[in-house]
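Start from the sequences, fold in the hints, and give me the full structure.
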Amino acid sequence: MNDGAVLSVKDLRVYYDTDAGTVKAVDGVSFELRPGERLGLVGESGSGKSTMALALMRLHKPPARIAGGEVLLDGVGDVMKLDDDGLRRIRLDRLALVPQGAMNSLNPVMRIRDQLADGIRTHEPGDTRDDLAERIQAQLSRVGLDSEVGGKFPHELSGGMKQRVAIAIGTSLSPSVIIADEPTSALDVVVQRQVMETLRSVQEELGASVLIVGHDMGLMAQIADRMGVMYAGKLVELAPVHDLFTNPQHPYTRLLIESVPTLMAKRALASIPGAPPTLINVPPGCPFHPRCPSAFEPCDSEVPLPTAQNGRVVSCHLYPGEAA
Amino acid sequence: MTAFLEMANVSKVFSAGIIRRQHTVAVDDVTMTIDEQSPSILAVAGESGSGKTTLARLLLGVIPPSSGEVIYRGQSVDDLSREQRRTYLREIQPIFQDPFESYNPFYKVDHVLTVPAQKFQLAATKQETTRLIHEALDMVGLQPAETLGRFPHQLSGGQRQRVMVARAMLLRPRLIVADEPVSMVDASLRATILESIRRMKQELGISVVYITHDLTTAYQIADNILVMYKGSVVEAGSVEQVIRDPKHPYTQLLVSSIPQPDPSLPWGADGEIAGDPESMEVAATGCKFVDRCPVAFEPCAGQRPLLFHEHLSRAAACFQYDKSPALEGQNLDLVFEPQLTSQAAGGSEGPAAN
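As given, the protein sequences belong to chains A and B, one line each in that order.
Numbering (this note's numbering) for the first sequence: 1 to 324.
Numbering (this note's numbering) for the second sequence: 1 to 354.
Treat each hint with caution, since some may be false.
[Stated by the list, open to error] Covered by chain A, according to a simulated footprint, are these stretches of chain B (three or more residues, beta-carbon under 8 Å): (1) 152-159; (2) 181-188; (3) 240-253.
Hints were generated in silico from the structure; no laboratory data involved.
Just so you know, these numbers come straight off a predicted model, no measurement behind them.
Positions of the beta carbon are idealized from the N, C-alpha and C atoms, including for glycine.
In structure tokens:
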């Protein structure tokens, strides 16, 4: 529907083979990432959101495997079909990851500037020493860090600073797509906002698109342009963020929004009855039907297909419509 | 009013380093009372490094204060006899953040329920123990048949945490100290746990100290709140006052930084507030927040502000409010709203000073 997509994910499936059976962590997810947009992707633990984010770059770890689908990156083709060399070339350069919990993704025995230099040198080996130093400097100041941070080791930095370093590394080669996996989940609110503002300003400066994976509905409401909701390995709804919050269509989205406490009014806290399914044993039909207050006759047998209406996509039998 | 647990000018200082000894004041001069007759939920809010977990550990008696006293039923926790300490340990129950680490993976979840039941001799017979356990599980919305007999890894994070709430409840404590009980639980299940904490107060008359970084859930379930910054109480009072209308610049920063689940609401206050609390050192004198404060003026760097009694049910440690009288004895009880149950029980109105 949109030819201008930077990244186009079609029917992506990521399965884990375990002794107990096949876990369908990502089960037929399709969406497009548009140029310059911030697409939020929320889901609870076990919904498959992080597995999918990593699989987009083929960074998923065995026993996870790509069981089907394509990930078309603008100007590159299907990332799922690239050979190792091709994959190495696009990672960081075109498709970059800002990982969850930067404290665990930085090398503890390497100075920050060397970790930044690593990626730049590998992809663009032409730089002189001075050029490289300058680029590193610029990159640090872009994320709001002093140049002296370059000479430090990760343990000398606070959580917020480490996450900024992760953004600096992820954006050092001006990628067209940034995948941010829970980039602020371990940070306090004040620092979280600072880091998110940093990510936003760098992304806008580069004109990159970003896919932000997370579980915090409030954060997504504030940062995303469009938002997707995952449940049991499926994308159940995708809509512009304002529409999603003011008029959620999928019952799961609605309940999820209602379960978020706000500062607006004290009310009885709503929760969604039941628990998310284990992905080995996903209920037949719509995976949400056992917990769904609006479930009706087809829900326990037929898997609802995504339907498109007014720029949004929803997978629910309540909304029969044109197939997306 | 019967003081169940009191903190009288309690401070905790941690020291580290051999040659250049560094002192960190994790809790700085806190005075408050947890009353037995009018159970309430008190939120202790702050970011990492604020001292909120240290405060919890002091209440639980896990660490001793550096100065001041923690007083349990009129007696310093240090001086309790063996028998009294046993009661103290039963009457104050913790709920921890991580529902994974609280379990031994080799035992069934029943273990965390049956062992305390035996140790504290809650019931005379096995049937009676089972009945109590079932009752506690019901209270947190778990089906005993689907919960007991399973190993921790067979339950979801939310279920594991609810078993922990049931365990705390089982012991019929007077106070539950819950340290970030829902921060690792998914949104759709969070409400259930918070609701069961609220029911503990309402139905069982158990007071709760709810330690959290999340002002939104604090607002939803707590009656009163104290906000900590680098070990000091910067603002305290009823949640309506402190969260809906924060007065201390730090509380204002915290509240405005909460991303609201509504795209039409703004995120953050005007003007960027610089500073990363984790990497900033505290000035030896003056307000601890002075370096980050957008409204700092002359007195702020010179001396540490007292808590000023700015409103009937709020005190703020900020020189902007020094026209108000200093909070008497810096006793937080004076700003905490009394609970309705105390009036129903015919108790005197208002939180009497101990």
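The hints, checked one at a time:
With 4 residues having a Cβ less than 8 Å from any Cβ of chain A, the region 152-159 of chain B passes the three-residue criterion, so the hint holds. Taking a C-beta to C-beta cut-off of 8 Å, the region 181-188 of chain B contributes 3 residues in contact with chain A, enough for the three needed, and the coverage statement holds. Residue count for the region 240-253 of chain B with a Cβ under 8 Å from a Cβ of chain A: 3. That meets the three needed, and the coverage hint holds.
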